[in-house]
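Student: Those protein sequences? They're chains A and B, same order as listed. Counting in the UniProt record's numbering, the first sequence runs from 1 upward without gaps. Counting in the UniProt record's numbering, the second sequence runs from 1 upward without gaps.
Among these hints, one or two may not hold up.
Going by beta-carbon spacing under 10 Å, a handful of chain B positions derived as facing chain A [what the hints assert, rightly or not]:
hint	residue
1	Val44
2	Asp45
3	Met47
4	Gly49
5	Met86
6	Thr94
7	Pro126
8	Leu131
9	Arg147
10	Gly205
11	Ala222
12	Ser291
Distance ranges between label pairs, derived from CB positions [stated by the list, open to error]:
hint	chain 1	residue 1	chain 2	residue 2	range
13	A	Glu6	B	Ala246	26 to 36 Å
14	B	Gln300	A	Pro35	48 to 58 Å
15	A	Ala143	B	Asp270	42 to 52 Å
16	A	Ala301	B	Gly37	56 to 66 Å
17	B	Arg268	A	Pro35	27 to 37 Å
18	B	Ala282	A	Pro35	33 to 43 Å
19	B	Glu232	A	Thr33	57 to 67 Å
20	A	Pro91	B	Pro95	19 to 29 Å
21	B	Asn148	A	Ala279	34 to 44 Å
22	B	Gln300	A	Pro55	49 to 59 Å
23	B	Asp96	A	Thr33	21 to 31 Å
24	B	Gly200	A	Leu54	45 to 55 Å
Hints in this document: simulated from the structure, not taken from any laboratory. Bear in mind the structure is a predicted one, so any value in this text is a computation, not a measurement. Glycine residues also receive a C-beta, built at the ideal position from the N, C-alpha and C atoms.
Protein chains: 2
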Amino acid sequence: MELPAEFSLIARHFRPLAGPGALDLRDDAALLTPPPGRDLVLTVDAMVGGVHFLPDDPPDLVGRKLLRVNLSDLAAKGAAPIGYLMTVAAPKGTPDSWFAGFAAGLAQDQAQYDVTLLGGDTTSTPGPLSLSLTIIGHVAAGAAVRRNGARAGDDIWVTGTIGDGALGLQVALGRLADPSGFLLDRYRLPQPRVGLPLAGIASAGMDVSDGLVQDLGHICNASGIGAEIRAEAVPLSDAARAAGPAWLETCLTGGDDYELLLGVPQDRADALLAAAAQAGVAVTRIGRFLSGSPEVVVRQAGGTPLTLAKGGWSHF
Amino acid sequence: MELPAEFSLIARHFRPLAGPGALDLRDDAALLTPPPGRDLVLTVDAMVGGVHFLPDDPPDLVGRKLLRVNLSDLAAKGAAPIGYLMTVAAPKGTPDSWFAGFAAGLAQDQAQYDVTLLGGDTTSTPGPLSLSLTIIGHVAAGAAVRRNGARAGDDIWVTGTIGDGALGLQVALGRLADPSGFLLDRYRLPQPRVGLPLAGIASAGMDVSDGLVQDLGHICNASGIGAEIRAEAVPLSDAARAAGPAWLETCLTGGDDYELLLGVPQDRADALLAAAAQAGVAVTRIGRFLSGSPEVVVRQAGGTPLTLAKGGWSHF
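Hey, can you work out the whole structure from these sequences and the hints?
Tutor: Right, here's the structure in full:
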């Protein structure tokens, strides 16, 4: 049921990551005294070798991506991270250096994002490396930003630049040049927008993981309204612009952005801009929510709707 | 990155399991307002097809076992369950009936143990079915029972009967007869001792999953003391007794019991017995913690220490 060296593996690689309440990873469970008067925000993601990461991806980047995709979900709710629990199912014979690199990546990001390991489970598997991470964050009571709060007339904003992750995957697959390495780095290492205070500013929010247009459709569906964005307003990085207009659709629909997609009432635009400046995060207004059916329209410069092969101009 | 029918799968099978705070599984995260003045207890377990369950195990039992092994960890800390998050990585082509059965098993146990689904993630995998479940419970502030609280002179108690799960595995492997089906059922479906109030009674506790002797060694190690148990005091089921004395060692060291192993100060024996009677759980005193090195001795009826091939009579 266990890896032969499970206890030693935990002691060497994972115990140094353990924080208060983890009981040194020597108990059956972790203890957490929740911050008084705060709501907890919980989310979980699984990552499977060959599906979410490639077998030869550097293990520190695998660990950091696993943590960061979950941090991104917390950021989208306006929550600050507390701690996480993790499972690692590894094939027998996984070298110790893999675990060392994986843990080193986690340690680096724990320090950056002020979060610690609370508990976990390690096991062997006859399949590929399979990881899961459950993260716990906190937010002022009742103030978590949801998907279903957007109202017609609210502006649509995004953080950072859109499409780099999807283009980075194309780079990894050898289909696109990336002289600066910027796109590949964006694919391998999401930048979760933790620390952007959204409570009282955003009416709705999520992080962009399935693609901008599809994820905007999720907010429209949950909120029961439509949305219109202007293609030329969507912020692109220099590297994405350099790829050329043939890649625009990939940017709009590709996913793996881990930027925040927000609904913001028009009279709170200044509050968002101030909060974003304080947090050092770029924010860009790209469109508006509209009354009507939950449909996403992407307009080109002249006003013509863009027809997208995947995930645009349709009901979800 | 997703199963083709991920959204539909979630809607049909998992949304009916979602409780308050799960936001209908339509958001990036779940919300939980922690019970005021309580500590949270968190634990996670992974289960992999071919390692923790067999490919042809009934899916409802797989779901129930996944939930119950985690409930058992909560029970060992004296905590009451609140909710859980889950990941399901399934091979492409996993039949819908598997998910239906899996969810039906979870639904049955959710009702029995008063716990609901808070969130999750589903994905495909080129490997075997791989599951993880993170559970959250609550306990009076500061009252969680730990592994490291046992003191020399405390009695050692267990709930229920020991060894049935390990014998049940032998039945599943065709190595042992099980005319009543009792042992196989105990292997497939743990009975977590949720609801046994341990706060103020147990000085230390854990659930028996690796085997009685090895797990007792974990408490000894964490508490910095030794332990002595009497083999003939260890409670065995009628089915385990019928297997005969040749299987005693399997019972003592085999694991998969999911009974509670407790340290209880001698003057709290009556309190434990009263709490156990109230909860309808059998409890049996099997030995005592001793000062000295963290060593577990199993004594036979005449007083001679039993030498165990696995996990006994040694330092851990």
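Student: Decide, hint by hint, whether the structure agrees.
Tutor: Going down the list of hints, with the structure as the test:
Of the supplied interface hints, the one on Val44/B holds, with its beta-carbon coming within about 4 Å of a beta-carbon of chain A, less than 10 Å. Contact between Asp45/B and chain A, as hinted, is supported at the beta carbon level, the nearest pair being about 5 Å apart and thus within 10 Å. Checking Met47/B against chain A by beta carbon gives a least distance of about 8 Å; that is within 10 Å, so the hint holds. For Gly49/B, the interface hint holds, since its Cβ comes within 10 Å of a Cβ in chain A; the closest pair sits about 8 Å apart.
With a least beta-carbon distance of about 7 Å to chain A, the hint placing Met86/B at the interface is held under the 10 Å criterion. Violation of the interface hint for Thr94/B is found here, the shortest Cβ-Cβ separation to chain A being roughly 13 Å, above the 10 Å cut-off. Interface restraint check: Pro126/B against chain A, minimum CB-CB distance 5 Å, threshold 10 Å, status holds. With its C-beta approaching chain A no nearer than about 9 Å, Leu131/B sits inside the 10 Å limit, and its interface hint holds.
Residue-level restraint check for Arg147/B holds (minimum Cβ-Cβ distance to chain A is 5 Å; threshold 10 Å). Hint status for Gly205/B relative to chain A: holds, with the closest Cβ pair at about 8 Å, below 10 Å. Taking 10 Å as the C-beta contact cut-off toward chain A, the hint placing Ala222/B at the interface holds, the least distance being around 6 Å. The beta carbon of Ser291/B is not positioned within 10 Å of any beta carbon in chain A (closest approach about 21 Å), and the interface hint is therefore violated.
For the pair Glu6/A and Ala246/B, the beta carbons lie near 29 Å from each other, so the given range of 26 to 36 Å is met. In this structure the supplied range 48 to 58 Å holds for Gln300/B paired with Pro35/A, their Cβ-Cβ distance being about 53 Å. Our hint of 42 to 52 Å for Ala143/A and Asp270/B holds, since their Cβ atoms are close to 48 Å apart. Taken as a hint, the range 56 to 66 Å holds for the pair Ala301/A and Gly37/B, whose Cβ atoms sit roughly 58 Å apart.
As the Cβ distance of Arg268/B to Pro35/A is approximately 33 Å, the hint placing it in 27 to 37 Å holds. Distance hint check: the CB atoms of Ala282/B and Pro35/A are about 40 Å apart, consistent with the given range 33 to 43 Å. With their beta carbons about 43 Å apart, Glu232/B and Thr33/A fall outside the hinted range of 57 to 67 Å. At about 26 Å, the beta-carbon gap between Pro91/A and Pro95/B stays in the expected band of 19 to 29 Å.
Between Asn148/B and Ala279/A, the C-beta spacing of about 41 Å keeps the proposed range 34 to 44 Å intact. Look at Gln300/B against Pro55/A: about 52 Å separates their beta carbons, and that is inside 49 to 59 Å. About 42 Å separates the C-beta atoms of Asp96/B and Thr33/A, a value inconsistent with the hinted range of 21 to 31 Å. Take Gly200/B and Leu54/A: their Cβ atoms lie about 52 Å apart, and the range 45 to 55 Å holds.
Going down the numbered hints, you'll see the structure goes against 6, 12, 19, 23, while the others check out.
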